[in-house]
Amino acid sequence: MTPPEPRPGPLYGLEVVELASEHAAWAGKLLADLGAEVTLVEPPGGHATRSIGPFLDDRPGPERSLWWWHHHTSKNGVVLDLDIPAGVELLGRLVGRCDIVLEAEQPGHLAARGLDRDRIMAASPALIWVSVSPFGQEGARAQDPATDLTLMAGGGPVWNCGYDDHSLPPVRGLGGQAAHVAGVHAAMATLAAVVHRDSSGVGQHIDVNMHAALNVTTELGSYEWLVARHTVQRQTGRHASVSPTSPTQVQAADGGYVTLGFPPRSARDYRAILDWLEELGLGSAFEDRVLLEMAVERGGVSIVELGQDPIVDQIWSAGRAAMAFIAAHVDARTCFDGFQQRGIVCGIVNAPEQVIGDPHFVARGFPVSVDHDDLGRAVTYPGAPMLFSRYPWRIRSRAPHVGEHQGEVLGLRGSPDPAGPTDDDDAAAGVSPDPAD
Amino acid sequence: MTPGPEGGRSAAALAGIRVCDLSGQLAGAGATRYLAAFGAEVIRVEDPTNKGGWDIVRGAAPFVDDRRGIDMGGGFNNHNVGKWGVTLNLRTDEGKEMLAALIRTSDVVTENFAAGVFARMGFSYDVLCELRPDIIYVSNCGFGQTGPYREYKTWGPIVQACSGLTFDAALAGHEPAGWGYSYMDHMGANYMALAVLAAIVHRNRTGEGQWVDIACTETGASLTGTDILDFGVNQRAVRRPGSVDSNRSAHPAMAPHGIYPAAGEDAWVAVACRDDADWAGCRAVIGEEWAGAETFAHLEGRLAHQDELDRQLIGWTRSRDRHEVARVMLAAGVPAAAVAMPEDRIDHDAVTADWGLWPTVHHTLMGDVRVEGLPVHLSRTDWVIDRGAPCLGEHNEKIFGDLLGLTPDELAGLAERGVV
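Chains as they are written, first to last, in our numbering: chain A, 1 to 437; chain B, 1001 to 1420.
Any given hint could be a false lead.
According to the in silico footprint, chain B covers these stretches of chain A (three or more CB under 8 Å from chain B) [what the hints assert, rightly or not]:
id: 1; stretch: 51–58
id: 2; stretch: 159–170
id: 3; stretch: 185–191
id: 4; stretch: 198–211
id: 5; stretch: 219–228
id: 6; stretch: 248–261
id: 7; stretch: 359–371
Please keep in mind that the hints were generated in silico from the structure rather than gathered at the bench. Using N, Cα and C, we set each Cβ at its ideal position, and we do this for glycine too.
Next up, chain B with everything else stripped away, as it sits in the complex (with noise of 0.2 Å):
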């Protein structure tokens, strides 16, 4: 273990703890992905007949090259940075077998099958359970193991429409917006990592492992619910489409505050005034006359005044580079950002680059890649990400034999029956 920045790592924070994860996609792929980076040994189980195609990144865009398949999807890569990939035909009684024994050496199984699908591989909690008592068993779909849509089927988008977050991200007038990127997965993953530490935590002070059910759809109501209480507290009539503005902030109350024209093809920059002294800042910033009238002197008349405000603020901003205009803005003590493209982000920001946000990995076929890594650092225990996703049934041989003492020639053997 090479010593952390502050000198004092001893060892990685979840040293010891084995997960047999049989996600995948990003809302649950992640999940283990953040797990590996503390150090668990995440054991990455995938079906040999479909050749791992279940999870649809595994050899999607975008490619590091002209190579194609299995193992070359980038996404993939990315949300399996440093898990072992084993391979398991778990329609033979032989693979079945296997995956019991697996189980029965780990801490932890987690799953994003549609609801009931790995029961019905002969896995239900209760199973689990005789397998190894204190198990922790993480479900992760959609709309969870029960309830009246538990059949339905989803994905990111999905989720984001049914959960309310589609609906509040949008312009005035216009349709939902929506989220560009499937943000529930992302959470959805969080969550699932949360819900596995907790049950650690659990299981180390109690002996008792247990089963945690996550519905996706529930997780992103609960990051609307300011929203929800709103509406129940004080008995509002459910709002139309067209009737959101999420670039203005009613709660709490701020103006200017938007997303506003740069100079420059589709550049924009983002701009809010916490409050009158965050106004004046601005206003010494802008130095023309309409921003030194009485009317937006104080936020209620700001508030009142918003789209002529705007108006202006937009003469102003749409003649000035993005990062300029940010960077004026934050001298005076005014919240503003260019809004970032992903070059800005990954290649020119000083902090993401001083955090050491964007590691290198080392992939077996695809060599060295640049993927996310993680936005905190523990002072002792802190992350590592250095090995890239496994190829499909990369590990077989080592997983296999150390774990379940399968010599070469069985594994031949199981090769030959197609159970690996």
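The following block holds chain A by itself, in its conformation from the complex (with noise of 0.2 Å):
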């Protein structure tokens, strides 16, 4: 086959309705930037979601949240009313001719509009259906409310996050992550239920439940239970563990923060230490610097040396202290480039709002730049999570105003009824988009 230039992406060509939702939307996202062609479906007056903070100029309203934006970016948008038959129907006939249908509608809320999701299945066998939930689609607790929070603490992560002293609460991750680990479970169970399509021609449902999607997000807070009935216990910026670890995480001179990896090993990890100790004139401050001197002499310390050789635990002790010296006394940014420009690991603590501006993600074009035509300006989003050779990934455009597409999508796309949808059948199915803002 000889694909039109240029293509949008390793998706193009895949159809997908996704019905607006806080759960649902980063798989559409995921799947929309990678080239698939997402109709995004709304209720009349636009989906609560769009009431989601933060606000452009800090004012509210359906044109103006950045979740929104951030969220629905290369989809179409239209608006069914699903309260009524004809906007059902209407819905019958996107879901009819598409590839993967979307939502997290809660469970047996479409059955009761009169979507039967096992009758539409049954009628369109190649049908790809994602259903994402709190807690699945059956089970005693497929109708219990859930947040963001809830269901961090509920599903394993909060356990593991938070502070050595343990009179504060442990704490959960900003970011709407249980959405986003649902998110790309659903996307990739989509994708693996495309390849079976695409060699047998049978569709299937895909159940994604998001409490069992962070309850297998916990890392070491889940295996060291199951392997061996341990259990973790947080610690202040870094990970939770059986057994207490040393801080790594330290305060820079600029007040920023440092996350130290490893501490140093090789004889060129000490004198590299040494080296810039001396060129920051703290040569002579940092006390333990003797212990640093011997590490070289002695070609580094191995890890197994450990509990076995006082000296060795003296050495590691102070390979450690003398990184955390350093890193407070310059600014977080030095620390960072000089320990890696050494070879030696080391995190700096950005806030997400640093991230976007820092050098490397600039050379690597991960800032891009979208046109928001109805303001007159571009926005700079956070681009591609993973760079495709060929065919890339790309916001192909700004989220969707409310009912933007309406036109296209319902009377121009190649409907099954001839006739297409008549004006009648839009005024009927509550398909007029409200004014925005």
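Starting from two chains that each stand alone, build the complex the way the hints lay out.
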């Protein structure tokens, strides 16, 4: 087959109908930015998630939600009123001609509105239908309410995160990670089903369980218990652990933080640290300098010697102490670059807003400019989470306004009804978009 | 193939896909684990000269019993279920030739070495394409294969720090708490699997392979995207450490919203009132006079007096059992959850049990061990996880025999020469 050029991405040609939601939005974005044609269906007036902030100029409004902007790039938007039969019928037609349905409705909700999944899938055997929900489609908790916080608390992540001081509560990280974890799992499973369908012609239903997704995303937290029935305990800025480990997060001279990696082991590392201390004029200020010199003389230390030779233990501790000492005497940025350029692992604790302007990410083209024709300006978005060498990931368009693609999606794109929906159909379905903001 | 719950299981979703897998740790191994669970034939290639020790979890805790060694790592078993394991010394010409032969018969090559390492071994993308023109190659490292930091080294916590995730997990007035595990190893692995799958879909439709370069820090940064937009669009000053309170919810605006102490040691419960109706349910459950205050009746008031609201709520939660608080809140329609310890969610959770989330696999040396399952169920071609991780070189004979046609004698010679 000869594709038209340029193709929008590796998933070119896949058609997705996504019912707007908080929990399936990320999966839809992953597919859309990879080239799938995603039609986002909202109720009249716009979906409730348009009220999730932050907002452009801090003023709420359906076209001003930055959450909406971020989660719905590269999608087309239509309005359908699923509270009336004409809207349900139109959605049935959209679903009947697409490859993938993506939804995160309350389990049972669509069937109650006359959209019975089993019946639709029986009529369209190639259809892949993806349902994202907090606790799965079946089971005792299928109807329980949940938010990002309660999912992260009940699903495992929160227990692992927080501070050495356990009088402080454990911590939930920001960003809507429950939906991100479930979203990438939804997208992965969708593509596994597409591979199967491309060879067999047969679609299937995919049940994505957010609680389960978080449960299998806590690394040692889960398998220390599965394998050895050990319980990890949270620690400041580093892995929760069965036995306490040394701090790795250090405040630099400018108030920022750095994360130190494993202490140095090779003679070269110890030499580099000694030289850097000298360059900084701190050579004599670091009191365990002699231990670093010993490490150079003995050709470094090895992990297997730890606990065997008291001098090695002292050298090991001195190495970490020297790194922390340097970190406290330079700014975080200098510390990060300085260690890494000397071949020693170190991280800088960036605020997200710092990442997007970082020279490395700029050089790789990570920040991308998206045209907001409606505002007469371009906006910088986080770009490709992975770089495809052909037909790359890309943001094709800003998030849709309420009902923005009503005509082209519902009227022009090969409806099975030869006449297509009439204006009367549109009015009856409640598809007139509300004027935005 | 055993029939799935709905009967129609015909074949594995990824049957016929072969992956030549040089990846390891969790950020790489987690990706090919997923592909194996859906029926891809994943051949994990390890270095015999250091006994596979490049993968630091291969011989690391947790352990099932007192036995130790390169085949006994519990995390390695978890991350490598369902794969075949071979060894190849890629410092030898014979080893390189055998890898080239494996790649010729594979659909996908995966690795997560430091940037440039695989190319320096002689396997750049151009070379891979010569071996197999439609090859799919996915590389995954902290900062990617290009850019000023391409030589910088990372592991999970470094990726999380550099990508903004660590900063965004904190209590107000405190340093960043960060993530107490390598969240980005999981997510890096997930995105790596997604990249492989997208490239397979593309290849099956066009005949074209491609190279996907994943930088975990970029993947991580995309997970804080709304923050990035907010600071860019609204031109806010960069925040300082100490300004984040990530247990609260500014977007969407909710109060009360937090993790509150419950009865017992280190026992906590999360409560989130999404709106005034949730608060009405919460207030009724609490049944104390303070909760009826007009100040708290509407969201604006609760947000404006959130410190006082939290103080009062803590006074109510701290003498109560965390599971009981969650139960009564949920019964009132209010989202709530006890902060689950590993034991709670693995051994005493009906949702994860009914889901089959903790399957048991058989490992050649460890015996039967529980591992993580997948959080999706497919009605026709569901995942299967039943075979443990390979011991070092466990399948040399099978794989090199079946795929490369080597006889046991030839393999013995290769072993003598230190190739396998």
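Here's how the hints hold up against the structure:
| no. | hint | result |
| --- | --- | --- |
| 1 | 51–58 | holds (count 7) |
| 2 | 159–170 | holds (count 9) |
| 3 | 185–191 | holds (count 6) |
| 4 | 198–211 | holds (count 12) |
| 5 | 219–228 | holds (count 10) |
| 6 | 248–261 | holds (count 9) |
| 7 | 359–371 | holds (count 6) |
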